[in-house]
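Student: Chains F and H, in that order, give the protein sequences.
One point on numbering: in the numbering used here, the residue at position 204 of the first sequence is 204, and numbering is uninterrupted.
One point on numbering: in the numbering used here, the residue at position 21 of the second sequence is 21, and numbering is uninterrupted.
You may find that some hints are simply not true.
Where chains are identical, the list cannot tell them apart; a pair therefore holds if satisfied intra-copy or between any two copies.
Keeping only pairs whose Cα atoms sit at most 20 Å apart, straight-line, the calculated DMTMM-like set for lysine to aspartate or glutamate is [as the list claims (entries may be wrong)]: (1) LYS330 / GLU506; (2) LYS419 / GLU261; (3) LYS378 / ASP357; (4) LYS508 / ASP569; (5) LYS579 / GLU187; (6) LYS574 / GLU187; (7) LYS31 / GLU114; (8) LYS452 / ASP372; (9) LYS217 / GLU231; (10) LYS490 / GLU105; (11) LYS490 / GLU356; (12) LYS579 / ASP569; (13) LYS574 / ASP223; (14) LYS126 / GLU9; (15) LYS330 / GLU479; (16) LYS249 / ASP547; (17) LYS126 / ASP516.
Bear in mind the hints are in silico, worked out from the structure with no lab data behind them.
Note that the coordinates shown come from a computational prediction; the quantities given were computed from them, not determined experimentally.
Protein chains: 2
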Amino acid sequence: MYRSHTCGELNASHINKEVVLSGWVQKTRDKGFVIWVDLRDRYGITQLVFDEERTDSAILEKARTLGREFVLQVEGKVIERSSKNPNLSTGDIEILVTKLQVLNESLVPPFTIEDKTDGGEDLRMKFRYLDIRRNPVKQNLIFRSKVTMEVRNYLTNQGFIEVETPYLIKSTPEGARDFVVPSRMNEGQFYALPQSPQTFKQLLMVGGLDKYFQIVKCFRDEDLRADRQPEFTQIDCEMAFVEQDDILKAFEGLTRHLLLEIKGVQTAEFPRLTYDEAMKRFGNDKPDIRFGMEFGELTEVAKHRDFNVFNSSELVAGISIPGAAQYTRKEIDQLIDWVRRPQIGAKGMVYVKCNEDGSYKSSVDKFYNQEDLSQWAKITGAQPGDLICILSGDTAETRTQLSALRMEMAERLGLRNPKEFAPLWIVDFPLLELDEETGNYHAMHHPFTSPKPGQLELLETDPAAVRANAYDLVLNGNEIGGGSIRIHDKETQATMFRHLGFTPEEAKAQFGFLMDAFQYGAPPHGGIAFGLDRLVAILGGQETIRDFIAFPKNNSGRDVMIDAPAFIDDAQLKELNLKLDIQS
Amino acid sequence: MYRSHTCGELNASHINKEVVLSGWVQKTRDKGFVIWVDLRDRYGITQLVFDEERTDSAILEKARTLGREFVLQVEGKVIERSSKNPNLSTGDIEILVTKLQVLNESLVPPFTIEDKTDGGEDLRMKFRYLDIRRNPVKQNLIFRSKVTMEVRNYLTNQGFIEVETPYLIKSTPEGARDFVVPSRMNEGQFYALPQSPQTFKQLLMVGGLDKYFQIVKCFRDEDLRADRQPEFTQIDCEMAFVEQDDILKAFEGLTRHLLLEIKGVQTAEFPRLTYDEAMKRFGNDKPDIRFGMEFGELTEVAKHRDFNVFNSSELVAGISIPGAAQYTRKEIDQLIDWVRRPQIGAKGMVYVKCNEDGSYKSSVDKFYNQEDLSQWAKITGAQPGDLICILSGDTAETRTQLSALRMEMAERLGLRNPKEFAPLWIVDFPLLELDEETGNYHAMHHPFTSPKPGQLELLETDPAAVRANAYDLVLNGNEIGGGSIRIHDKETQATMFRHLGFTPEEAKAQFGFLMDAFQYGAPPHGGIAFGLDRLVAILGGQETIRDFIAFPKNNSGRDVMIDAPAFIDDAQLKELNLKLDIQS
Numbered sequence: 001m002y003r004s005h006t007c008g009e010l011n012a013s014h015i016n017k018e019v020v021l022s023g024w025v026q027k028t029r030d031k032g033f034v035i036w037v038d039l040r041d042r043y044g045i046t047q048l049v050f051d052e053e054r055t056d057s058a059i060l061e062k063a064r065t066l067g068r069e070f071v072l073q074v075e076g077k078v079i080e081r082s083s084k085n086p087n088l089s090t091g092d093i094e095i096l097v098t099k100l101q102v103l104n105e106s107l108v109p110p111f112t113i114e115d116k117t118d119g120g121e122d123l124r125m126k127f128r129y130l131d132i133r134r135n136p137v138k139q140n141l142i143f144r145s146k147v148t149m150e151v152r153n154y155l156t157n158q159g160f161i162e163v164e165t166p167y168l169i170k171s172t173p174e175g176a177r178d179f180v181v182p183s184r185m186n187e188g189q190f191y192a193l194p195q196s197p198q199t200f201k202q203l204l205m206v207g208g209l210d211k212y213f214q215i216v217k218c219f220r221d222e223d224l225r226a227d228r229q230p231e232f233t234q235i236d237c238e239m240a241f242v243e244q245d246d247i248l249k250a251f252e253g254l255t256r257h258l259l260l261e262i263k264g265v266q267t268a269e270f271p272r273l274t275y276d277e278a279m280k281r282f283g284n285d286k287p288d289i290r291f292g293m294e295f296g297e298l299t300e301v302a303k304h305r306d307f308n309v310f311n312s313s314e315l316v317a318g319i320s321i322p323g324a325a326q327y328t329r330k331e332i333d334q335l336i337d338w339v340r341r342p343q344i345g346a347k348g349m350v351y352v353k354c355n356e357d358g359s360y361k362s363s364v365d366k367f368y369n370q371e372d373l374s375q376w377a378k379i380t381g382a383q384p385g386d387l388i389c390i391l392s393g394d395t396a397e398t399r400t401q402l403s404a405l406r407m408e409m410a411e412r413l414g415l416r417n418p419k420e421f422a423p424l425w426i427v428d429f430p431l432l433e434l435d436e437e438t439g440n441y442h443a444m445h446h447p448f449t450s451p452k453p454g455q456l457e458l459l460e461t462d463p464a465a466v467r468a469n470a471y472d473l474v475l476n477g478n479e480i481g482g483g484s485i486r487i488h489d490k491e492t493q494a495t496m497f498r499h500l501g502f503t504p505e506e507a508k509a510q511f512g513f514l515m516d517a518f519q520y521g522a523p524p525h526g527g528i529a530f531g532l533d534r535l536v537a538i539l540g541g542q543e544t545i546r547d548f549i550a551f552p553k554n555n556s557g558r559d560v561m562i563d564a565p566a567f568i569d570d571a572q573l574k575e576l577n578l579k580l581d582i583q584s
Numbered sequence: 001m002y003r004s005h006t007c008g009e010l011n012a013s014h015i016n017k018e019v020v021l022s023g024w025v026q027k028t029r030d031k032g033f034v035i036w037v038d039l040r041d042r043y044g045i046t047q048l049v050f051d052e053e054r055t056d057s058a059i060l061e062k063a064r065t066l067g068r069e070f071v072l073q074v075e076g077k078v079i080e081r082s083s084k085n086p087n088l089s090t091g092d093i094e095i096l097v098t099k100l101q102v103l104n105e106s107l108v109p110p111f112t113i114e115d116k117t118d119g120g121e122d123l124r125m126k127f128r129y130l131d132i133r134r135n136p137v138k139q140n141l142i143f144r145s146k147v148t149m150e151v152r153n154y155l156t157n158q159g160f161i162e163v164e165t166p167y168l169i170k171s172t173p174e175g176a177r178d179f180v181v182p183s184r185m186n187e188g189q190f191y192a193l194p195q196s197p198q199t200f201k202q203l204l205m206v207g208g209l210d211k212y213f214q215i216v217k218c219f220r221d222e223d224l225r226a227d228r229q230p231e232f233t234q235i236d237c238e239m240a241f242v243e244q245d246d247i248l249k250a251f252e253g254l255t256r257h258l259l260l261e262i263k264g265v266q267t268a269e270f271p272r273l274t275y276d277e278a279m280k281r282f283g284n285d286k287p288d289i290r291f292g293m294e295f296g297e298l299t300e301v302a303k304h305r306d307f308n309v310f311n312s313s314e315l316v317a318g319i320s321i322p323g324a325a326q327y328t329r330k331e332i333d334q335l336i337d338w339v340r341r342p343q344i345g346a347k348g349m350v351y352v353k354c355n356e357d358g359s360y361k362s363s364v365d366k367f368y369n370q371e372d373l374s375q376w377a378k379i380t381g382a383q384p385g386d387l388i389c390i391l392s393g394d395t396a397e398t399r400t401q402l403s404a405l406r407m408e409m410a411e412r413l414g415l416r417n418p419k420e421f422a423p424l425w426i427v428d429f430p431l432l433e434l435d436e437e438t439g440n441y442h443a444m445h446h447p448f449t450s451p452k453p454g455q456l457e458l459l460e461t462d463p464a465a466v467r468a469n470a471y472d473l474v475l476n477g478n479e480i481g482g483g484s485i486r487i488h489d490k491e492t493q494a495t496m497f498r499h500l501g502f503t504p505e506e507a508k509a510q511f512g513f514l515m516d517a518f519q520y521g522a523p524p525h526g527g528i529a530f531g532l533d534r535l536v537a538i539l540g541g542q543e544t545i546r547d548f549i550a551f552p553k554n555n556s557g558r559d560v561m562i563d564a565p566a567f568i569d570d571a572q573l574k575e576l577n578l579k580l581d582i583q584s
């Protein structure tokens, strides 16, 4: 038996007990006649004490040789501390050690195992097993485990069945790029790893399982952006005999449960915004509504003067930044530079200072009078002391730019409070999205999403106008879930595939099994999927998903700890009937 | 709203309620003036009634057109049935339908959606989504979901943390064959899919997580035997600061909990048998102990006569088959033919009939007298009326053959009661196994398994004799779990790799990260993994794992429903820097 207690559970009630503890040396303080050692395990830290008076001299000497991260087993008596540490649950006691065994030694770790470490990102990833010993990382992983258990318990109590769907499936060129797996037993053929269990969960509905969920790894071979992982985890859900409202209610319930159980936060009914409304008010289909600064559209009221920039713009829109009227010229110039950075791409920015005395000072005073500016203030909701920032141009671009500015200002002003949670639904997404490069339409969610009732005909005449039974759940400016009511009849599905540019042969080759299934009594059904990594990060008050993944990959898709991917044997390649085809 | 109730919940207390139901047509009975339709969903079956007297004629006519597996939504009133069905929870009532909508039609399904279907295995797999509508398959999937939730709740309550380990890892030639995944971003390099999260869970212990579990898919590219899947699910567990006994206790607790919660079966403390003892008594390291027929070793007592077959055998062993003394000559000959089949491979079989009058009649009466045979009966535990079957030859082969005979006879005699559960631990496995083909030793569990204390030196002189801190959990003749206490210091691990034929360079290339980790204070640790597919099947009273997997693959590793694996585009291959290398 390596221990009678953990390093996190002893307190004054255990005084005089003989105990056995095991753990790691967090730190040692050697005062010569007395040595203290902080012994750490997952559960906490307990102070060990060795002194000349009470400790066997051989043990005292051995204690002097202990280094950081040595693994110890100690026996001893729980005694009261003379100077107590009220910040530690074990701070009232210490262990007077009578037996000391070094279970394993340790090299000096490449970074300190402290809440604030001196290790850089790369080093921490290479030695991730040491990084996990640090409280913040360890607590994130424990937190993740807790969230997933809450999800499972809630959904199970609601009658959902967790079903494992296969990982070795079939490649479909549609959507993102698949990871593929060569099949040794089926010469020249490949499996694909699932980008999501989408078709399988639909087949489970056809199979009558009624309410399905799964917490499941998904895979996308995309060029990685910061904080995106080639493998990620989804809470994948599907229900039969439901309309959109049934799904929204069911998963609003889940989200509300998580916020209450995990964060102790009560939430009212989630607002529902149409996609169009969200774009108009926030320039974004995942608006952070913890703060205001909603867009004011000035197009109509700003075009009657000689200011050409506005007159030639499809959209003129502004936001009011609270308390920013006192910005200096230099600060405002920096803001203009910020929106003109290539990442944002605005051509310029017009501003209006709303002075405390009710007057206005703008960068376009030449063109607009106080009455004009007062109207702008009204539309953007600006109060005395605020600064109105106005962008203009193409509608979609301007909204995106202004949304970026809105988020940046909220960040700078500390309005994105990680302890506040503001969920909302975005509904009525467009069914199709125009690919600017190819001129083709592709599915905004995926090709199984159903159009709103009665809109199927619009596909022929005005594809961009067709709205879908598709919805996203947004939390604090992040999309945490998205889904749709699916098509469940073969004809509609065939029409969709045709509009997405599939020939009937391609549709049959890739999704024939699904269209076949639709011939045998497919029920109406729909679902949703949550990005677990992001959900956990946001609930944890953070936004970097990597910190909530035990063994993440870097931006080149590499695991730098195990050094994967790697070259494989020629024999292995040969067995798979493959040759490398590298231009060198 | 598609339904106010499910098809499984209405009873006499709902009489006169107006309800809305949705589901599938299980069957229709058309008596002309009255039509009954059984409407089915996941939760049950409710009878609908349409008749000339009470039903609108248009609806009645529509009801006549309904085919099997049509999807309906109906509104109507709950009424009392005139002839009740006590076998159905909804058997007291029926629905007098006032509105009928066909939500989807269905072709005639290729097999009947009944508990006993007319569909063969291949057809059922191709149309798995229809197969899942059948009660036995659906209930198996629901049962699996229930078992996994019980596992998760139990382990979570015991302080285990579920941590997701990566799926895109690194190929290691050791052990079974990996599935590999070409990396597009890292030219010419490959990830591998995990055969198990073994090294990652060990790193989590190095990382101080203390108690880990994960229910996780694992992958092995092996030539498939019947009822083996290329992807399978493991309950993967690891604990730090434990000895073998701690692990056995912890997971005996889990198993006992499952048997109690899922099957209502109380179990006593699990017996522990050493590997050597199990081989001696049952010829098998996963003995089914629900019944007797333990081996009696007759080698010593059968070699003093002139019977050359026994005299030249390393082992002579027999089992006593209860009540089989009355077998006819023909039946016994068939048994002899059975053990001589190439799959079993015995050269012959000696038998002794233990007559009711206390006398013996054997196939070797020429060589052995009644006193000899009486001694054999004593050693094999044979009673009057039993038949002793004796095999002989090389020890290992004879044991395997006699074990097969023991299992076959238990099957024939109905002694393998699926409602009885007899778990036991097998401990003290050999550390190494001789590969007869290559003459090399390889790890019986895996190369991270620790030898028993003090046996490391034996590795040099008598590798086969070294016993490991390795254990299996056996239930009803199936290995449901296995694990070991791991090596946790770099030197022992390096010694093990050397004995397994790794050069230091190979060991470093493949497991360098683990050996590095062992330098930074690795704690003593150990774990276990359960095969979830098999565990669920056995708890479900069956042995075919395929029946407990939603979308299984066939024996060629194919998913015949989605038709995977499949060929991929040349463009996809090119992006991966690969060429097919097929000899045609």
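Student: Each hint needs a verdict: does it hold in this structure or not?
Tutor: These are the hints, each one checked on the structure:
1. Taking identical chains as interchangeable, the C-alpha atoms of LYS330 and GLU506 are never at most 20 Å apart, the minima being 59 Å within one chain and 61 Å between chains.
2. Taking the shortest Cα distances, LYS419 and GLU261 sit within 20 Å of each other inside one copy (14 Å), while across copies they are farther apart (39 Å).
3. Proximity of LYS378 and ASP357 under a CA criterion of 20 Å is satisfied intra-copy only: 16 Å inside one chain copy versus 112 Å between copies.
4. For a Cα distance limit of 20 Å, the shortest separation of LYS508 from ASP569 across copies, 16 Å, qualifies, whereas the shortest one inside one copy, 37 Å, does not.
5. In this assembly of identical chains, LYS579 and GLU187 lie within 20 Å of each other by CA distance both inside one copy and across copies; the values are 13 Å within and 13 Å between.
6. Proximity of LYS574 and GLU187 under a CA criterion of 20 Å is satisfied in both settings, with 11 Å inside one chain copy and 18 Å between copies.
7. When the C-alpha separation of LYS31 and GLU114 is checked against a cutoff of 20 Å, the pair qualifies neither within a copy, at 22 Å, nor between copies, at 80 Å.
8. Taking the shortest alpha-carbon separations for LYS452 and ASP372, neither the intra-copy value of 41 Å nor the inter-copy value of 87 Å comes in at or below 20 Å.
9. In this assembly of identical chains, the alpha carbons of LYS217 and GLU231 lie at most 20 Å apart whether taken from the same copy (6 Å) or from different copies (14 Å).
10. For a Cα distance limit of 20 Å, the shortest separation of LYS490 from GLU105 across copies, 11 Å, qualifies, whereas the shortest one inside one copy, 65 Å, does not.
11. Taking the shortest alpha-carbon separations for LYS490 and GLU356, neither the intra-copy value of 64 Å nor the inter-copy value of 71 Å comes in at or below 20 Å.
12. Taking identical chains as interchangeable, the C-alpha atoms of LYS579 and ASP569 lie at most 20 Å apart whether they share a chain (11 Å) or sit on different chains (16 Å).
13. For a Cα distance limit of 20 Å, the shortest separation of LYS574 from ASP223 across copies, 16 Å, qualifies, whereas the shortest one inside one copy, 28 Å, does not.
14. Taking the shortest Cα distances, LYS126 and GLU9 never come within 20 Å of each other, neither inside one copy (32 Å) nor across copies (56 Å).
15. Taking the closest pair of Cα atoms, LYS330 and GLU479 never come within 20 Å of each other, the shortest separation being 35 Å inside a single copy and 74 Å across copies.
16. Proximity of LYS249 and ASP547 under a CA criterion of 20 Å is satisfied in neither setting, with 31 Å inside one chain copy and 34 Å between copies.
17. In the homo-oligomer, the alpha carbons of LYS126 and ASP516 lie at most 20 Å apart only across protomers (11 Å), although the nearest pairing inside one protomer, at 48 Å, exceeds that limit.
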